[in-house]
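Engineer: The residues making up each chain are set out below.
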Amino acid sequence: MEKVFSSFDEAVSDIFDGAVIMVSGFGGTGGTAQNLIVALRDHGASNLTIISNTAGLASLMGFGTLPGHSAIDCGILIDNDQVGKLIASYPVSPSPSKINSFESHFREGKIGLELVPQGTLAERIRAGGAGIPAFFTPTGVGTELSEGKEVREFDGRSYIMETALKSDFALVKAHKADTLGNLSYKGTSQNFGAVMVRSSGISIVEVDEIVSPGQIESHLINTPALFVDRIVKR
Amino acid sequence: MLDRLPREVIAMRVARELKDGDIVNLGLGIPSLCSQYVPEGRTILYHSESGVLNYGPMAEQGEEDDDLINASGQFLEPTPGMSFFHSADAFGMIRGGHIDVTVLGALQVSEKGDLSNWMLPSRGIGNVGGAMDLAVGAKRVIVAMEHKGRHGEPKVVSECSFPLTSPTCVSLIVTDIAVISVEQEGLILRETAPGWRLEDIQNETEPELIPANDLKEIEI
Numbered sequence: 001m002e003k004v005f006s007s008f009d010e011a012v013s014d015i016f017d018g019a020v021i022m023v024s025g026f027g028g029t030g031g032t033a034q035n036l037i038v039a040l041r042d043h044g045a046s047n048l049t050i051i052s053n054t055a056g057l058a059s060l061m062g063f064g065t066l067p068g069h070s071a072i073d074c075g076i077l078i079d080n081d082q083v084g085k086l087i088a089s090y091p092v093s094p095s096p097s098k099i100n101s102f103e104s105h106f107r108e109g110k111i112g113l114e115l116v117p118q119g120t121l122a123e124r125i126r127a128g129g130a131g132i133p134a135f136f137t138p139t140g141v142g143t144e145l146s147e148g149k150e151v152r153e154f155d156g157r158s159y160i161m162e163t164a165l166k167s168d169f170a171l172v173k174a175h176k177a178d179t180l181g182n183l184s185y186k187g188t189s190q191n192f193g194a195v196m197v198r199s200s201g202i203s204i205v206e207v208d209e210i211v212s213p214g215q216i217e218s219h220l221i222n223t224p225a226l227f228v229d230r231i232v233k234r
Numbered sequence: 001m002l003d004r005l006p007r008e009v010i011a012m013r014v015a016r017e018l019k020d021g022d023i024v025n026l027g028l029g030i031p032s033l034c035s036q037y038v039p040e041g042r043t044i045l046y047h048s049e050s051g052v053l054n055y056g057p058m059a060e061q062g063e064e065d066d067d068l069i070n071a072s073g074q075f076l077e078p079t080p081g082m083s084f085f086h087s088a089d090a091f092g093m094i095r096g097g098h099i100d101v102t103v104l105g106a107l108q109v110s111e112k113g114d115l116s117n118w119m120l121p122s123r124g125i126g127n128v129g130g131a132m133d134l135a136v137g138a139k140r141v142i143v144a145m146e147h148k149g150r151h152g153e154p155k156v157v158s159e160c161s162f163p164l165t166s167p168t169c170v171s172l173i174v175t176d177i178a179v180i181s182v183e184q185e186g187l188i189l190r191e192t193a194p195g196w197r198l199e200d201i202q203n204e205t206e207p208e209l210i211p212a213n214d215l216k217e218i219e220i
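Chains as they are written, first to last, in this note's numbering: chain A, 1 to 234; chain B, 1 to 220.
Careful: at least some of the hints might be erroneous.
[As the list claims (entries may be wrong)] In silico DSS-like cross-links for lysine-lysine, where the CA-CA straight-line distance does not exceed 27 Å:
hint: 1; chain 1: B; residue 1: Lys148; chain 2: A; residue 2: Lys98
hint: 2; chain 1: A; residue 1: Lys149; chain 2: B; residue 2: Lys216
hint: 3; chain 1: A; residue 1: Lys110; chain 2: A; residue 2: Lys186
hint: 4; chain 1: B; residue 1: Lys19; chain 2: B; residue 2: Lys216
Hints were generated in silico from the structure; no laboratory data involved.
The task is simple: from the sequences and hints, build the whole structure.
Structural biologist: The structure is reproduced here in structure tokens:
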């Protein structure tokens, strides 16, 4: 069982055309697996379905990006015409006058969109890794995002059914990994990554540091090793 | 010409609604200013969808850390007693009814408290983000916004014409000219900006406003 890969390119080499890929990150550079995303762009797999909170806010407008730093996020896969569909909560620029590549591709009919409320997105991903095929949520009831979805009442309140999300691969950023695959994250950078590793066929994790088992104290491990398949050090 | 309250004063008025011990989630824009104006002696724990509870001030220049951001992508200062969690937990807290108050911006609020704040129909595509989860999940939804839109159109409307974030979720509307509560009987005008009369505010509001028995000027 060898989980440590020596290069980002090697870690993404078996990603196939048409794969469903979860990409971690809230929108900024923290929690975004920037080197794995570059490797996937260079690898060139096409017609991907990307599941991500945003279509790349860091590269678009410096969202959550340190001053003077450049940002890489899943926006570069869309720029490179590798994405056929996006599942996201925040796909476009907050400013209508600043168009990202997702929005221009969408208007040209080159990319599909499934718009999902952020909490529903996180819960659908969590459910995908927890053996829950669907669940009922109050979020979206009475809005256009509930169209076509089953509605049920519990204790007098309406809920809509949402289905679980799974993926073929997840590209996730964590802070530390040990060689068994246990992970710890820093600050607000757990966000979607800590959930995505649970619902992907193969989870690929980019970390700042790889250590021996025991060097992350057991009570500080956020993600237990069984959710992690591949580790690459930055 | 009557004076409209600046954004900071709207935030100050909203801040008075926050009680000691409240768990609060602040949206973008005017809502994000509220934490600066909480009356002394009240401890508020702020929650952000980025996965943090009990955040404090923004980080100083040169101290920024991209592993420590709020939902607006602003850098936070490390604060004793702050805690971190992943997105499924961040939204479990919201949807599970653990947030006492959320303060949100709005494009439109209806007479029944319906909220539209995520998409301009003219654009045809929008960012829903965490808005729908907050609108259904928080125990109390306060809207902080300018009373009129950029082109002078009313934002307090009889029916929302923009895509809904959630029906019947707003309980209080604080604007640059009025404080309005959403009740069974309709919209109750509670407070006015200095110098503004009921009819002045009604002129900028689509549905009928019912003056409160103790209608008064906004006190800050």
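Engineer: All the hints need checking, so say for each whether the structure fits it.
Structural biologist: Hints, one by one, checked against the model:
Taking the CA atoms of lysine 148 of chain B and lysine 98 of chain A, the gap is about 24 Å. The hint holds against a cut of 27 Å. As the CA atoms of lysine 149 of chain A and lysine 216 of chain B are separated by approximately 46 Å, the hinted pair breaks the 27 Å bound. Taking the CA atoms of lysine 110 of chain A and lysine 186 of chain A, the gap is near 36 Å; set against the 27 Å cutoff, the hint is violated. Between lysine 19 of chain B and lysine 216 of chain B the alpha-carbon distance is near 22 Å, which keeps this suggested pair within the 27 Å criterion.
Hint violations for this structure: numbers 2 and 3, all remaining hints satisfied.
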